[in-house]
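Protein chains in written order, with the working numbering: chain P, 1 to 310; chain S, 1001 to 1359; chain G, 2001 to 2547.
Be aware that a few hints might be false.
[Claimed, not checked] Capping the alpha-carbon separation at 27 Å, the derived lysine-lysine pairs in BS3-like fashion look like this: (1) S:Lys1155 x P:Lys204; (2) S:Lys1136 x P:Lys193; (3) S:Lys1136 x P:Lys204; (4) P:Lys126 x S:Lys1015; (5) P:Lys212 x S:Lys1134; (6) S:Lys1111 x P:Lys204; (7) P:Lys204 x S:Lys1034; (8) S:Lys1004 x S:Lys1155; (9) S:Lys1004 x P:Lys204; (10) S:Lys1078 x P:Lys212; (11) S:Lys1253 x P:Lys204; (12) S:Lys1134 x P:Lys204; (13) S:Lys1348 x S:Lys1322; (14) S:Lys1034 x S:Lys1212; (15) P:Lys212 x S:Lys1181; (16) S:Lys1348 x S:Lys1288; (17) P:Lys204 x S:Lys1292; (18) S:Lys1134 x P:Lys193; (19) S:Lys1188 x S:Lys1155; (20) S:Lys1134 x P:Lys297; (21) S:Lys1345 x S:Lys1251; (22) P:Lys204 x S:Lys1181; (23) P:Lys67 x G:Lys2343; (24) S:Lys1108 x P:Lys204; (25) S:Lys1017 x P:Lys126; (26) S:Lys1292 x S:Lys1251; (27) S:Lys1078 x S:Lys1181; (28) S:Lys1078 x S:Lys1004; (29) P:Lys193 x S:Lys1015; (30) P:Lys297 x S:Lys1136; (31) P:Lys212 x S:Lys1111.
Because the hints were derived from the structure by calculation, they are not lab data.
Now for the letters of each chain:
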Amino acid sequence: MSEIFVQNEKAYKRKRIAGNITIYIFLALVAISILIPFYWMILTSFKNETQITQIPPILALSPSDWKLSNYTDLFLTVPSGPRAGEPLFPFFRYMANTVLISLLTTVGTTITTILSAFAFSRLNFKGRDTLFAVLLATMMVPGEIFILTNFLTINKFGWYNIFTQTYGQAILAMTIPFMVSVFYIFYLRQTFKQIPNELYFAAKVDGTSDFKYLLKIMVPIAMPTIVTIIILNSMGAWSAYIWPALVTANDKYRLVSNGLRGAFTDTSTGRTDYGQQMAASVLVTLPLLIVFFTFRKQIMRGVSRSGIKG
Amino acid sequence: MEIKMQGLTKIFTSKNKKEVRAVDNVDLVIPSGKLIGLLGPSGCGKSTTLYLIAGLLRQNDGKIFFGEDEVTETPPEKRGIGLVFQNYALYPHMTVRENILFPLQNLKIEKQEAIQRTVEIAELVGLQEMLDRKPKELSGGQQQRVAIARALVKKPRVLLLDEPLSNLDARLRLQTREEIKRIQRETKITTVFVTHDQEEAMSISDEIVVMKDGVIQQMGEPQQVYDAPLNLFVARFLGNPQINVFDGEIKNKEVLIGGMKVGNTILPDQQVTVGIRPEGFAVDTEKKSPFKFEIDMVETIGRDTTLIIEVESGEGGILDKKTFKAIVDVEHRINPGDMVHFKVKPGKLHLFDLSGSIL
Amino acid sequence: MKKILFALLTVLSVFLVIGCVQVQSETTTTSITTTTQLAELPNEEVEVTFWHIYGEGKSALLDQMIVEFEAMYPNVTITSTSQSDYDTLRTNINTGIGVGQVPTMAIGYPDHFAGYITTGAVESLDQYIYSTTQYEVTDSTSSIFGEIVETGLELSDFIQSYLDENDQYQGGYFYSVPYSKSTETMAVNRSVLAAHITEIRAAGITISDNGFLSHETPLTYDQLVILKNIIVDPAGTNATTMKCEYLLNYDSSGNLYINMSRQWHAGYTNSDGDILIDNATTRNMLQFLYENFTSNTIVLPVAWSQSYGSTNFIYGDVCMSVGSTAGVNYNIPNSTYTPSSLKLGIFNVDFLQVPQYVTTDDSQFTVEIDGTDVTMTGSRSAVQQGPNIGIFHSATAAQKLYAWLFIKYLISTDNTAKWAMNTGYLPVRLSAYSSEEQLQLSSTFSLTYSEFLGIAQDFWAADGEVTWELTDQRWNYLYSSMVANIAFNQADYYQYDPAFAAGSHSAGSATARVEAGYCLQNIYTNVGVTNYSPDTALNFMINQLTW
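Put together the whole structure using the sequences plus the hints.
See the structure below:
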């Protein structure tokens, strides 16, 4: 009797191990396919020009062969002329712009999203559902279509004047059009709608205003969703490319994404200095990785628990 | 604090423009310091009435007074009410302490006092050990007590409870019922309690108000309403098993059901509806009563025996069912198939006119 | 009430941001507007905005020229802004045209200007080029105080095909002038050639003892076939016999297609935007290329999954490689390469003109296609590439005048020579080749453009056996000098690429170039596929370009 049990146990164990192996192999493959581009970026950043073009490609470099020149060259300054002393690749300026834009866009988006989602989920006003339907309909329109109208808006606001554009205006032009997202409003509204009406009544009876209810009750309850929105939005802002290039008259105002594309291409040959480009990419990715690892718990919670219990 | 409603009316308009009078011209005075059960089937307007008192809904017509104070146009947060919801509506992200403190913070009560009151109220509801837990870490009954504590902590003029027990299991429900009763007694706060469960209402209310289709049917002490229903609806709504209802007539001061005499009356001859509660029957051991039936089923629980009598349609003038029930003393030892003669106990014969009003 | 207000505010804030702005319709003007010539130099403060794509480091020389120009005209400020890359530059100008936000002047490819012109946004430069107006510089703070400034441009000093490219637009007006030009030249593995001198001479091709072919006359296709039979081993590169696997690599398949269609008079496009590729000559040309791909005579970088063939040239896979003059140094093997990859070791490199089918324009040549000899009329052709520079219509008269004077300054003889030596582009003026302007190439090395050209000339004259010290700075500029000489030698048969924007019946010239490249790559990748016909690729291309 006990032997049969032991046998079963063994068979079960074997099955479980086999299952685990399959799962781990699958996970390992997925992880590798995600990591390869990162590995290649880092590897390329340590190669010199001939190593990059070598066929067959070099798959690994021992640390003693690492060329740090791609990194050090990033911080070279213009040797002569009126711009002498300025960095060849204004890495820190681009990073500062990117961080600022991401921050402003995200704060702005979060505020408008919370307010609108609240209005559309809790407040009763005439035409609310029609208005919401209209907003949802705009989601059907590809974002590129808005580029022109947004550009005209920015121009009419006087924020895009190639002769007079200031840094502040460039920042406004880059951020304001992206401070609202219908998708996020929809997303948060769904979460808000899951919050039972009674909580609203309870809070009313407990003496809160609508705004205070939003701030003290709904926002904390919907925090996982809001965190998700913040993450998605800042990622979007971080990698924005077309718009920042379009509404800034001066490349000093642009973002690191724009810098990465153009700065390492030899204008006369059209060839790209991949080593430097990858070195710069590593430096750009680094802050994101640091942020991710620092806030890993919060981010995972936000992404995995986007619903709330009623 | 007495609550007075005058001609209170609430009309809901549905999507197809149909108007529903959820609360229809209600005049009601809820005496100060009493626990009143607002009772009725679902959709009768009891919760709407409660929300109108709370100010969470806006009446179409009528007035509401708290004592001398007209609150008809006062927003909920200014009415000084405590409200407890069916699903408790605790703030899930706050601890018990924060939940209870929340209304006090909104009232801008001084911090020291707020903390003091929180502890006091927690003691009152027996939650002093739970103050730092989140709602989801509490049982249903505990959550309900938090909700009550949160409602009471701001010392409201009126406490309103909306189906407070329906999410609890049977045992907890009994326990919490007593708890609510106790708390109400201790605080002497005018309390309105909405429920669809008559037993619940009857067991803890000082007075019950029975509602139907937005109209108040009857108000009074629970036993009084049970014993002397003002109409057929109330008679039917209260009591379990339900009251037995028969078509009957009055002829020569005798009350007849299917031609069988069940009692006497002083009323003039007419067609009537006769209501007899199951416990209103008694077995006529002398077998003299003409009101006799063959017993189809016998259920004995404890000291009561429930007799179930199947009736052919039209036979015996049974109004709305094919069976009726009688509860008799267990000592009678009745078996299925026995022929039993029934008497009606004095005062247990309820006579209604054909529109359902008591005669 | 409060609730409604709150809701309104919330919704309003959303709408403010989405913003509905009426789209202004711009009337398209194709007519040429003429500006009144100013009698004297405007002396008010003038800001000229100049958009280009030169990054912070690469614009050092440009910045220097701006400083000099501003010293000449103290009331003028040139705001030079990099738009990072050509795509961004063009997009930002195109969107800016709609709202009147265009720079005073910008660099751009001919198809960019063709696009701007359709909206009437570009100023015709004829009014300045042919103007006889002279200005006296009366500002005493100017570095050229008292001098006379001419408006006109002496067109005869410019390479003719550069001018043809810039007045190909509607009405034959100049909407731009050449600024920064380059062409293609052919790198050859001189060590391989030198190893087969006897056979090459026996076949009737003139070659020096050290493997130099003629730098004055381009190789003909017939000569290429002869060389192929001598120096190519289709089985693979062989260091013992000194043979390569392939003969000739073409970096840009688009350029190969376009240039060859000119050499064969096959028809490609014209400045009106007509697509002229659907004809028998083109089909013959593609079949011919297909056969040459098959025989390892011509190869495209796609053979090695590369964008450029220079790495494989260095590896010895191919003996000759046609590429941009700007990419010279990518073709030179050196010791930083892993020795095992260098199948022919570190070999000598020479540069030649791009191969031709005829030696004189509009003459006949014969090639074998599908087993039969076909005789056709052809011409010499080499591509010219690189941006031009132009002025936008919306600027004020004073801005436009100073922008023009600035352009004149940028392409002045000395500056175009300086620019050429500094960037790897070629001078746009003939006089630059004899310019006396000294350019400091390094802290210890400066020379004029003609001295710069002289480096390669001396090297060639000595048959590669110069007695320069190893530390002689001339070594660093030898290959750039070779390419500059070759480019100059083939300048009289440069052909420009017709530029036009996408229209009602065809795609734009930029798309045409891209599709031409794909067409040849399609043919190349189908080499060896049974029953494959290059017609398939051509039909696909026609389909892509016309509607």
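Q. Keeping to a limit of 27 Å between CA atoms, is the pair of Lys297 of chain P and Lys1136 of chain S held or broken?
A. At roughly 21 Å apart (the allowed maximum being 27 Å), Lys1136 of chain S and Lys297 of chain P satisfy the hint.
Q) Does the structure keep Lys1078 of chain S and Lys1004 of chain S at a Cα separation of 27 Å or less? A) holds, 17 Å
Q: Decide if the proposed pair is consistent with the structure: Lys1136 of chain S and Lys193 of chain P, CA atoms, cutoff 27 Å inclusive.
A: Holds: Lys1136 of chain S and Lys193 of chain P sit about 20 Å apart, inside 27 Å.
Q) For the pair supplied as a hint, Lys1134 of chain S and Lys204 of chain P, is the alpha-carbon distance within the 27 Å limit? A) holds, 21 Å
Q) Is Lys1004 of chain S within 27 Å of Lys1155 of chain S, Cα to Cα? A) holds, 20 Å
Q: Verify the proposed pairing of Lys1345 of chain S with Lys1251 of chain S, using a straight-line Cα cut of 27 Å.
A: Holds, because 20 Å separates the two Cα atoms, which is no more than 27 Å.
Q: Compare the distance between the alpha carbons of Lys1017 of chain S and Lys126 of chain P with 27 Å, and conclude whether the hinted pair is satisfied.
A: Distance of about 16 Å is within 27 Å: holds.
Q: Assess, step by step, whether the Cα of Lys204 of chain P is no farther than 27 Å from the Cα of Lys1292 of chain S, and give holds or violated.
A: Given pair Lys204 of chain P, Lys1292 of chain S is violated - Cα atoms ~60 Å apart, limit 27 Å.
Q.
With the threshold set at 27 Å, check whether the alpha-carbon distance from Lys193 of chain P to Lys1015 of chain S stays at or below it.
A. holds, 20 Å
Q: Would you check the hint for Lys204 of chain P and Lys1181 of chain S, treating anything up to 27 Å between C-alpha atoms as holding?
A: Holds, at about 26 Å.
(Q) So if I understand the rule, the pair passes when the alpha-carbon distance is 27 Å or less; does Lys67 of chain P with Lys2343 of chain G pass? (A) holds, 25 Å
Q: Given the hint that Lys1108 of chain S pairs with Lys204 of chain P, test it: the Cα-Cα distance must not exceed 27 Å.
A: Holds. Lys1108 of chain S to Lys204 of chain P sits at ~15 Å (cutoff 27 Å).
When held up to the earlier numbered hints, the structure conflicts with 11, 15, 17 and fits the remainder.
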